[in-house]
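Undergrad: Throw the hints in and build the complete structure from the sequences for me.
2 protein chains.
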Amino acid sequence: MASAYKQVPGRLETNRDQNGVIQPLLTDLYQITMAYAYWKCGKKDDIAVFDLFFRKNPFHGEFTIFAGLDECLKFLKTFRYSQTDIEYLKGVLSPTTEPEFFDYLLDISPKDIILYSIEEGTVVFPKVPLIRIEGPLPMAQLLETTLLTLVNYSSLVATNAARFRMAAGPEKSLLEFGLRRAQGPDGGLSASRYCYIGGFDGTSNVLAGKLFNIPVKGTHAHAYVTAFQSLEELKERHLRRKGTEESVDFIEIVKSWLHKLTNALGILQQETSEGELAAFASYALSFPDGFLALVDTYDVLKSGIPNFSAVALALNELGYRSVGVRLDSGDLAYLSMEVRRTFKQIASTFDVPWFTDQTIVASNDINEDTIHSLNSQGHSINAFGIGTHLVTCQRQPALGCVYKLVEVNKKPRIKLSEDVEKVTIPGGKALYRLYGSDGHALVDLIQRLEEAPPTVGRRVLCRHPFQEAKRAYVSPAKVESLYKIYWRDGEICQPLPTLEGVKQKAQQSLANIRQDHRRALNPTPYKVSVSDQLYNFMHELWLSNAPIGELS
Amino acid sequence: MASAYKQVPGRLETNRDQNGVIQPLLTDLYQITMAYAYWKCGKKDDIAVFDLFFRKNPFHGEFTIFAGLDECLKFLKTFRYSQTDIEYLKGVLSPTTEPEFFDYLLDISPKDIILYSIEEGTVVFPKVPLIRIEGPLPMAQLLETTLLTLVNYSSLVATNAARFRMAAGPEKSLLEFGLRRAQGPDGGLSASRYCYIGGFDGTSNVLAGKLFNIPVKGTHAHAYVTAFQSLEELKERHLRRKGTEESVDFIEIVKSWLHKLTNALGILQQETSEGELAAFASYALSFPDGFLALVDTYDVLKSGIPNFSAVALALNELGYRSVGVRLDSGDLAYLSMEVRRTFKQIASTFDVPWFTDQTIVASNDINEDTIHSLNSQGHSINAFGIGTHLVTCQRQPALGCVYKLVEVNKKPRIKLSEDVEKVTIPGGKALYRLYGSDGHALVDLIQRLEEAPPTVGRRVLCRHPFQEAKRAYVSPAKVESLYKIYWRDGEICQPLPTLEGVKQKAQQSLANIRQDHRRALNPTPYKVSVSDQLYNFMHELWLSNAPIGELS
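Chain order of the listed sequences is A and B. Residue numbering for the first sequence follows our numbering, beginning at 55 and increasing consecutively. Residue numbering for the second sequence follows our numbering, beginning at 55 and increasing consecutively.
Just to be clear, a hint being listed does not mean it is correct.
Since the list gives no way to pick one copy over another, a pair counts as held whenever it fits inside one copy or between any two copies.
In the BS3-like style, the derived pairs of lysine-lysine whose C-alpha atoms are separated by at most 27 Å in a straight line are [as the list claims (entries may be wrong)]:
hint, residue 1, residue 2
1, Lys538, Lys469
2, Lys581, Lys524
3, Lys464, Lys538
4, Lys165, Lys289
5, Lys465, Lys356
6, Lys98, Lys296
7, Lys314, Lys356
8, Lys398, Lys226
9, Lys309, Lys98
10, Lys98, Lys289
Rather than coming from a laboratory, the hints here were simulated on the basis of the structure.
TA: Here is the structure:
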């Protein structure tokens with residue numbers, strides 16, 4: 055019956071085609087109009103160099119995790135306008151557009167593009183080109199929007215995830231629960247993928263698990279608890295003693311444990327919710343080996359914890375080990391410590407020492423500051439489930455990567471600006487990370503392509519790109535060249551790591567920068583410098599491009 | 055060569071299948087574990103009612119535009135687990151999971167679900183269920199995450215767009231330029247679609263244009279300007295006089311106009327950039343009928359405007375009418391007024407009166423407050439291109455819709471909470487919007503299903519859902535019933551509007567609420583009330599569910 059929004063039958067309402075690849079029309083219109091103008095004025099075979107970079111680290115921090123390269127390369131691999139794309143563009147562009155241009159578009163592909171990139175997962179800094187694109191001007195231009203789209207959010211959310219990881223420390227389990235608060239379906243999928251890269255352990259998003267092999271996690275919602283009112287509702291009451299065929303009335307054991315527990319804890323049994331107990335018991339019957347209960351639907355300490363403990367100890371009696379509890383509201387520092395105290399008391403009263411260490415998951419609107427605050431107050435949380443603040447990157451919901459033309463036909467281009475931070479660094483460039491003898495990165499050094507690379511033990515002058523007096527000699531203990539060619543001759547020409555590999559790269563790369571660059575509060579900026587030769591080159595070009603005014 | 059992330063060949067790395075529909079595994083794992091537990095404890099045929107609603111309007115505002123329904127219905131229409139989904143879930147769930155459950159999942163579909171909803175595009179308010187789902191408990195539960203994902207961001211960004219529209223006023227043109235700053239590819243596509251609903255006129259996103267028939271707009275980037283250095287580079291210099299076959303050296307005409315203009319404006323010709331002039335001229339040769347130039351690559355007033363004007367007046371000489379300029383940096387209020395003043399001066403000096411009204415587009419990191427500030431300073435901007443702040447909803451990047459169980463097998467459920475705002479309104483409910491005699495909505499009234507609807511001219515008691523003393527009689531001049539059944543018997547059972555229709559609905563619905571609810575600064579909250587019968591029903595249930603403690 056419904057015709058819904060779309061006006062043309064058979065169109066896919068998706069950014070990807072049937073092979074899951076991103077459609078080349080996922081771009082800004084001006085890329086197409088510029089391509090036409092380049093084509094028309096005789097610049098279609100000009101060879102351009104574009105740099106993709108950002109100007110400011112997100113979240114008041116001093117580092118960024120570079121992510122999204124894998125998707126960029128797949129986009130190049132499948133880049134082709136379809137016949138229906140061309141038909142659509144004919145309707146959009148002016149009727150005066152020459153028909154030969156559409157033949158050109160139908161034929162265009164990134165076969166003559168060369169893509170240099172830093173490795174995905176690497177820690178990166180402002181002004182450093184993450185990706186360099188070389189090739190015919192119109193084709194290189196046509197890649198802009200999609201590459202920015204693929205790098206911007208991926209790097210932003212991976213960086214956010216890495217910050218949560220640092221705040222929580224290496225021991226805590228971090229779970230991404232953000233699907234419902236993401237920018238629609240694919241926002242959620244991207245979030246799951248890149249939070250994993252940034253250091254999360256798993257996601258609630260099942261499709262992300264299926265597509266990317268990310269561990270998926272989850273238990274139950276408040277709705278599950280409120281769906282039950284009494285133990286009488288349970289049609290299934292029996293559980294086998296683990297490893298045997300003996301079937302036991304589980305509910306009776308649960309009841310008897312609740313009685314013992316409320317006595318031991320000095321809680322009135324009438325304050326515990328029977329609906330909640332029924333929900334926990336039925337959930338345990340379904341997942342006897344993985345029982346984790348959401349304990350805050352009613353009162354955490356007077357109902358949730360006694361009910362959970364009754365079910366957990368009943369499971370224990372039949373040979374199963376429960377996992378723990380989840381807190382989704384209230385004062386997480388206080389509650390987690392009270393819950394832990396109760397677990398200890400039960401462990402001691404009933405001689406079940408393992409019970410002390412039941413997992414406590416917290417998941418109520420947690421942001422990076424919440425974790426720092428919990429750390430300073432003290433808490434007993436083992437795992438965090440994080441949604442909204444993680445995936446929306448609330449503190450800064452966009453990374454401002456840009457894509458700037460730096461060379462045409464071997465001639466450097468400079469974009470001048472009143473704001474010196476917005477001046478681009480012209481020409482194709484090489485990039486090195488110089489390390490000190492303690493293994494930490496000291497500085498990133500950008501050079502002209504024709505310069506010899508810096509060498510170990512030999513001092514090299516590193517200059518601030520815009521401030522003449524800021525410069526220092528560095529004698530690197532190690533030199534890492536950061537660019538590789540990932541795409542040439544129409545093919546991906548580097549082995550690409552798995553998602554797991556990118557995740558490891560991110561953690562290693564973070565470990566290689568000093569703690570004071572990484573810390574949350576007032577971090578020290580990491581230095582990005584240019585060689586003396588590049589400094590002089592860009593400043594000469596700057597002068598020769600800047601018009602001379604007259605004071606009047 | 056590349057194996058990339060995905061571990062299993064042939065998998066689609068997308069949230070949608072080859073028909074563009076959302077995959078049912080785009081959900082949180084706990085929906086599946088809960089479905090198993092419901093199934094196992096004998097609740098699979100329980101009939102549940104869930105409400106989807108939010109608790110707080112976004113952006114410190116007092117209204118929200120409801121969007122995403124069309125996508126929700128399509129999701130229901132195609133909801134089926136595939137064989138590979140089931141295989142994946144077998145690996146994820148505990149090995150003790152009974153195999154019959156997977157047969158049940160393979161067979162499950164929303165055929166017994168009934169979906170009630172408010173019309174897409176309607177202005178809505180906190181606590182009001184936007185969607186009510188009735189049906190078998192596990193199936194109804196399984197819809198939660200995906201419905202939330204589809205409604206949350208859609209409604210958020212449509213509301214944001216509507217706020218920009220109100221700030222800019224009905225006459226200005228509003229263009230969505232956010233693709234590169236969205237949450238990956240589909241975030242961008244969702245943004246384009248729902249900003250259009252919220253009141254935007256077009257997007258730069260070509261794919262959104264192709265898929266949803268949204269007008270697409272765009273001109274050129276700074277890169278286009280920096281790609282040129284001199285007029286000598288242009289291989290094409292000729293343009294036909296409009297409507298004739300006479301081909302003229304366009305560049306010569308441009309040069310002569312630049313000479314006249316710099317003299318008239320008192321600008322040194324050496325301060326204008328020849329590369330910029332070449333870029334504008336070549337762009338005009340490609341789009342003689344749609345020439346709009348980005349004028350801030352060098353100096354707006356000393357280079358961009360004289361260059362643009364030279365090209366525009368050269369076009370005019372050959373019978374073409376230019377469109378205008380875009381400003382992407384600097385003080386937009388000052389620059390737009392200076393540009394307008396210059397246009398007027400040129401119009402008068404060269405007797406081209408139409409030149410005064412050339413379009414001025416502004417597009418530099420604009421948010422809602424920027425527009426309010428420009429309005430109060432005064433400006434001459436005709437159109438805004440808005441990206442980051444629009445699509446990321448920077449001021450509040452997530453809408454907190456929730457999905458709460460309110461009834462099982464005809465028995466109401468109430469979720470209690472220490473925080474009274476989090477208590478749910480139990481049972482299935484009817485919803486009416488009551489209008490005053492001036493045509494504006496007075497109040498939304500939630501009733502129990504069995505109550506008679508309010509009638510025109512007859513006073514009805516409207517009560518605050520939680521505060522006993524807050525109540526008022528209302529005599530509506532018009533009563534609008536807000537729910538329709540959109541899905542029943544496995545089918546969409548309402549004609550769905552076009553995207554254009556939803557957009558109109560949003561504007562009409564906004565016009566029906568009072569200006570003081572809509573305004574940006576300190577808006578008045580709109581009242582959502584319950585009937586006296588519903589009030590008493592929920593408070594009795596509340597009391598009977600709340601355990602009685604003992605003071606000690």
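Undergrad: Compare the structure with each hint and give your call.
TA: Taking the hints in turn, this is what the structure says about them:
Taking the closest pair of Cα atoms, Lys538 and Lys469 come within 27 Å of each other only inside a single copy of the chain (26 Å); across copies the shortest separation is 56 Å, beyond that limit. Only within a single protomer do Lys581 and Lys524 lie at most 27 Å apart by alpha-carbon distance; the minimum there is 11 Å, versus 61 Å between protomers. In this assembly of identical chains, Lys464 and Lys538 lie within 27 Å of each other by CA distance solely inside one copy; the values are 20 Å within and 64 Å between copies. With identical chains, the CA atoms of Lys165 and Lys289 are at most 27 Å apart between copies only, with a shortest distance of 25 Å across copies and 64 Å within one.
In the homo-oligomer, the alpha carbons of Lys465 and Lys356 lie at most 27 Å apart only across protomers (25 Å), although the nearest pairing inside one protomer, at 74 Å, exceeds that limit. For the homomeric pair Lys98 and Lys296, the shortest alpha-carbon distance between copies (26 Å) is at most 27 Å, but the shortest distance inside one copy (72 Å) is not. In this assembly of identical chains, the alpha carbons of Lys314 and Lys356 lie at most 27 Å apart only when taken from the same copy (14 Å versus 86 Å across copies). Within a single copy, Lys398 and Lys226 get their C-alpha atoms as close as 20 Å, which meets the 27 Å cut-off; across copies the closest is 65 Å, which misses it.
When the C-alpha separation of Lys309 and Lys98 is checked against a cutoff of 27 Å, the pair qualifies only between copies, where the shortest distance is 24 Å, while the shortest distance within a copy is 79 Å. For the homomeric pair Lys98 and Lys289, the shortest alpha-carbon distance between copies (11 Å) is at most 27 Å, but the shortest distance inside one copy (73 Å) is not.
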